[in-house]
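> Protein chains in written order, with UniProt numbering: chain A, 1 to 399; chain B, 1 to 399; chain C, 1 to 399; chain D, 1 to 399.
Mixed in with the good hints there might be a few duds.
When chains are identical, the list treats them as one kind, so a pair holds in a single copy or across two.
Said to hold, decoys possible - No farther apart than 20 Å at their CA atoms in a straight line, the calculated lysine to any residue pairs in the SDA-like style are these:
| hint | residue 1 | residue 2 |
| --- | --- | --- |
| 1 | K104 | N222 |
| 2 | K104 | S79 |
| 3 | K325 | G266 |
| 4 | K102 | N222 |
| 5 | K134 | H165 |
| 6 | K338 | G35 |
Source of the hints: derived by calculation from the structure; they are not laboratory data.
What follows is the residue order along each chain.
Number of protein chains: 4
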Amino acid sequence: MTVHTGRHFLQIPGPTNVPDRVLRAMDMPTLDHRGPEFAELGFAVLAAMQRVFRTRQPVIIYPSSGTGAWEAAMVNTLSPGDKVLMCETGQFAVLWRGIAEKFKLDVDFIPGDWRHGADLAEVERRLVADKQHKIKAVCVVHNETSTGCVTPPLEARKLLDRVKHPALLMVDTISGLGSLVYEHDAWGIDVSVAGSQKGLMLPPGLGFNAVSEKALAVARANQGMRSYWDWQEVIAFNKAGTFPYTPACNLLMGLREAVKMLEEEGLENVFARHKRHSAATRAAIKAWGLETQCVDPNAHSPALTGTRLPDGHDADNFRKIVLEKFDMSLGTGLNKVKGKVFRIGHIGHFNDLMLMGTLAGVEMGLDLAKVPHRGGGVLAAMEVLKGHDAAQAPEAAVA
Amino acid sequence: MTVHTGRHFLQIPGPTNVPDRVLRAMDMPTLDHRGPEFAELGFAVLAAMQRVFRTRQPVIIYPSSGTGAWEAAMVNTLSPGDKVLMCETGQFAVLWRGIAEKFKLDVDFIPGDWRHGADLAEVERRLVADKQHKIKAVCVVHNETSTGCVTPPLEARKLLDRVKHPALLMVDTISGLGSLVYEHDAWGIDVSVAGSQKGLMLPPGLGFNAVSEKALAVARANQGMRSYWDWQEVIAFNKAGTFPYTPACNLLMGLREAVKMLEEEGLENVFARHKRHSAATRAAIKAWGLETQCVDPNAHSPALTGTRLPDGHDADNFRKIVLEKFDMSLGTGLNKVKGKVFRIGHIGHFNDLMLMGTLAGVEMGLDLAKVPHRGGGVLAAMEVLKGHDAAQAPEAAVA
Amino acid sequence: MTVHTGRHFLQIPGPTNVPDRVLRAMDMPTLDHRGPEFAELGFAVLAAMQRVFRTRQPVIIYPSSGTGAWEAAMVNTLSPGDKVLMCETGQFAVLWRGIAEKFKLDVDFIPGDWRHGADLAEVERRLVADKQHKIKAVCVVHNETSTGCVTPPLEARKLLDRVKHPALLMVDTISGLGSLVYEHDAWGIDVSVAGSQKGLMLPPGLGFNAVSEKALAVARANQGMRSYWDWQEVIAFNKAGTFPYTPACNLLMGLREAVKMLEEEGLENVFARHKRHSAATRAAIKAWGLETQCVDPNAHSPALTGTRLPDGHDADNFRKIVLEKFDMSLGTGLNKVKGKVFRIGHIGHFNDLMLMGTLAGVEMGLDLAKVPHRGGGVLAAMEVLKGHDAAQAPEAAVA
Amino acid sequence: MTVHTGRHFLQIPGPTNVPDRVLRAMDMPTLDHRGPEFAELGFAVLAAMQRVFRTRQPVIIYPSSGTGAWEAAMVNTLSPGDKVLMCETGQFAVLWRGIAEKFKLDVDFIPGDWRHGADLAEVERRLVADKQHKIKAVCVVHNETSTGCVTPPLEARKLLDRVKHPALLMVDTISGLGSLVYEHDAWGIDVSVAGSQKGLMLPPGLGFNAVSEKALAVARANQGMRSYWDWQEVIAFNKAGTFPYTPACNLLMGLREAVKMLEEEGLENVFARHKRHSAATRAAIKAWGLETQCVDPNAHSPALTGTRLPDGHDADNFRKIVLEKFDMSLGTGLNKVKGKVFRIGHIGHFNDLMLMGTLAGVEMGLDLAKVPHRGGGVLAAMEVLKGHDAAQAPEAAVA
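Throw the hints in and build the complete structure from the sequences for me.
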């Protein structure tokens, strides 16, 4: 086996590269989760996450994966038999439906081709048709990690308002938060779902819910069974900076540092950086003569780019070659795009030269894997980066 | 405010002191949870945890607190209305009942005085009386972290066998595993529940279930709602060294190192060390003229010692003085022993001189807090430690 | 072999326990020693060391051990044949003489019994006798690490002034700086010599010189051969925040953090803490019926305590037992006190409970090594610590 | 000021990128430099460095920069007035001469144009002319870090043998060791000089000498003044795994891990990797239409590539732009090539994609700095890397 040297290129769309500062902040003695030093940490990260979610409402932090935070969103607000409207944007939407079904919700799943954001027009039609307001929640995936397509949550809010439907708006922004503009309060989101290992630049192990007043009221009235995920108990303990059960102290220590880094860079700059890298990546893909998985020019993800290989070429074989020859992990195609798509993560703790190393690895890998393509992708990406201006990208990236 | 120097003494019974080797093992770049390097890690920690639990059955690892692993034990095996037998050994037994009730189980809660292990004689009586086998599970806390009393799981198994009752035996060994002898298979445990931040010497953030074949069969037949905690999906993914949702990679990297350290020391030696430190601590308490919370000489915990202050003296005030003057965190008294009990953790990554620093801090703190006591505790503990032989302790510690 | 668990007790008088914050600060990517980020670091540590030495004069930082900084002090200011006055306070004074002789200096070595500070009365006599001012430098060891005896540099300055002798005053404060009051400028020191691995709480690898204007003038005039140690070249580069050869970047990163910690605690508090720990240690030794190596009540070191074993008992055998049984490193007796003395370091990143663990280890070790002694040392130390007042110590410690 | 995100590209030819494993190995509690655990470390690193230098002779490890190791080489073997033969290969040869002159050696400095290795033909002529064997040492720089030109030490050995001249052969392989083939014994080197912060992948702070039996004999006979650098005392202590003064413990802990990594990769593979990256870099430079500083096709350094900018373009301005825009540090031109040359380090812990990020940064920087150049450098480098074969490089790299 080849022994690799130098840094591994972790270019999957999460877990993402964790900054040294964050790893070092976690690499400190753990602490008494009931003592005054912890309370300081608790208050700090709760406030920090409110700033990141852009909310004055409570943020709940779970020792869990992002999947757990999805489950939390549902079990707090919904009961068996409740109808929910979901959109098939990709694998993570499919997984969300799976959870909903396990909790015996009645899922109305709007089909999609995995190459666009959510079909909001169809959402609107179904809401309009739902005169009796049986639909209790509309669930959308902000940044579909399996495809690289963005659905604008604000548009979903607008249509709910337009049709005056009282359903909760629940948004999975697991790979969106910290990479794409996100406004929990201003966009009228009821439940936001996030995880630590994407734009927040942490290892996996924390899940988040941001919750509106309306969602909280629904939760208070909800008799459904829950304990670990119960918002109310967490919120009650959080008032003292503590948690109802032992929190993942060291990940929280890392979270404090990670948000500090995001704020030192400035969230606006963070978002602009992701858009620029996304534009450069698409420029490369276009130059290679390949297709992005996302076909809606307004829906390209700033965080990752799903890339299709020509028919007859296995994306996983390509990924294997890139891993072995160049020590770079690229994201696999999931479920119905397995073998057809690979994903380039350009999310989190990342910069221009890391992107260029990444794209050079892809370009060389295409050659070694004998995938038909034109050269020039790397050059095209450099043209975008030199401009230091996303406007020069072939297509505008989504906010 | 005093700025403390030197190392904080984290002498709560969990989170415990994390070894440098474990913190450093976690302080490495995170990795592709779907790649070959992760699979190696996945297989390694699953096998390691089987060795620690002493089982050939599956171990499930959750990104969660230990509380989550309790919830997992219940939602996989029990359904609303199911009767379970529990024993009030202390606060963690009370919490377990709370979870059970939130999942609408019918809890038969055998009262206890928080100063003994579980009342197994009463358990036996109730099982005998349960001719129709309505009781679906007997739940005991192996090492009650709120009191320092041990309940021997093997005795519970023996009585279940004796009365030929088919109930599942579920054991919370959150603060037992890695500190006290534990034999998941040999003791016939159906579900073992553990967490990372105690004897496993990790930061909090991982929960564990070890499950018998019988428990798995029950789970397969159980129609109850669950997703995140569902054993079967995890076990299915584990066959490839992966997990159904993003695992807490860096905590797993730490887990691999922590088990390596336990095995380098030898689990037998680890257990003997905890017993010796427990004996030395009790010798000190006896010399001070104070009482241990545990009053059963056969039930003293090797992992922590609950200590009572005389009436009229507030244990939390004492703890505050010790924290401020000596930078040592001691465990608070929980729930009904609040203010009456403080807890000394001597669990995990610990040694004789750390214990002596701890006990000296307690002895000086008693003086500064004007708690009536005799001197000589520290000397008595040294006598035990010099012997390097737990047999010299005033009372034998429990296996 | 026993596998030790818990933290090693590193109670030698240097290298001392390095704080996690300092280790983590060093555990960051190294940097371009000619770039702007390094210059910031360079300026920061140079200014920080001026504050620690209490000087407005240049501080020179070498990638070297403290021994190198001694050599630097000599080769910059002295030439073969120059007469220097030194005092045999212990092994480090002997080593200093050794270096001087290797550089062909003419050493006038005032004998000592290794149980007192320097014989300043004799220094004064010899200076008075030196009518022709052949003596070019008086060299004293501030805190003699091999014995635990302090020589007050200010007294040396006063006597030089009193007898109006122009010799340079050179002070080895390797184990003094950061633990004992030190005033390079106010005390009129010409060359101060220090190292990183003592009160500065860093790993070994940095040596320091602080230099007076007078010393600099002497150096400028000195034709002696030198390159690596040459002050002038370093000082010239330091004006730009850089160094003439590659500096030990990561140790400098640690130094910045270590001084930050010292200043957060407050240097006055740091000094008081060391005195209090020294007093508690002596109280223990007195209670055990043992002797401190230092017999001058005004000369006890706040940083370490040399302790004598009764005749017929081998201090290194005792140390071996303590290391094996209790995982504690104590300082060995050096040179003429080999086997007779062991040294307890209570210097650097340290606190009350660490000291109590240390002293308990010594007390238990005395017992296991069958060294005749009374009990009660640990108790006596606790009495001092509870007072939180060095005034209660049996003998006043030296500033 | 721009806040940079992602990893800094440290592409100077030293200090080089330190692997996480090495930083973590250093990030552990420091230890008693006189205890048994240290002795194990001491023996381990001494043996490891013998394997890296390819010698059975002693290796001396100093807490110092590489410059200190140069000084050590001279003061151990030479005395004031001794004649030495040196070759002006670049700035580090100039510095070496500077040290020699400070120690009053009589330097015969063979001029060079900084674009070739040492003029060995001229060395041979001068040795032949030195009938009386006044020349005591021939000093060559193996890999001239200021230019990227290699001088083959074996050729120097051959010519010394050919002309039967007894001068010592002293080789500065500071930026060669661990990156270029090096054979201290087989090539008949008398003194090898190295440092930690280049191919050894450590932070700066350690200097090394490997010494032949002949050099040791010369040193034993040498009456010159020295103490810190004295080989004999170090070698004597090393027999017990210790050092005469406090060693830089944590850097040694890192060294043990770094050599482990080099040996896991295999030194042969390490050398081949450096050659391949050098070839790819030269391919890029050629494509850009720029010149390498080294003009001898047989002398190109595998470790770094000096690159010239066209007249009228300031290399430091270019470097500044690259640092600000792309967070990459490139090496500055030193001394007589200041402003004319920048240096690309491809040494140490490095891989193909890091190189591609580096070269993309250079190519974009050339554009932003308006340096006239052709495109295609990045593409040309990819062609070399895809081949995974240095043979495809435009010119063969030196062993």
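> Taking the hints in turn, state whether each one holds.
So, going through the hints one by one against the coordinates:
When the C-alpha separation of K104 and N222 is checked against a cutoff of 20 Å, the pair qualifies both within a copy, at 15 Å, and between copies, at 15 Å. In this assembly of identical chains, K104 and S79 lie within 20 Å of each other by CA distance both inside one copy and across copies; the values are 8 Å within and 15 Å between. Within a single copy, K325 and G266 get their C-alpha atoms only as close as 36 Å, which misses the 20 Å cut-off; across copies the closest is 17 Å, which meets it. In this assembly of identical chains, K102 and N222 lie within 20 Å of each other by CA distance both inside one copy and across copies; the values are 18 Å within and 13 Å between.
Taking the shortest Cα distances, K134 and H165 sit within 20 Å of each other inside one copy (10 Å), while across copies they are farther apart (46 Å). For the homomeric pair K338 and G35, the shortest alpha-carbon distance between copies (15 Å) is at most 20 Å, but the shortest distance inside one copy (48 Å) is not.
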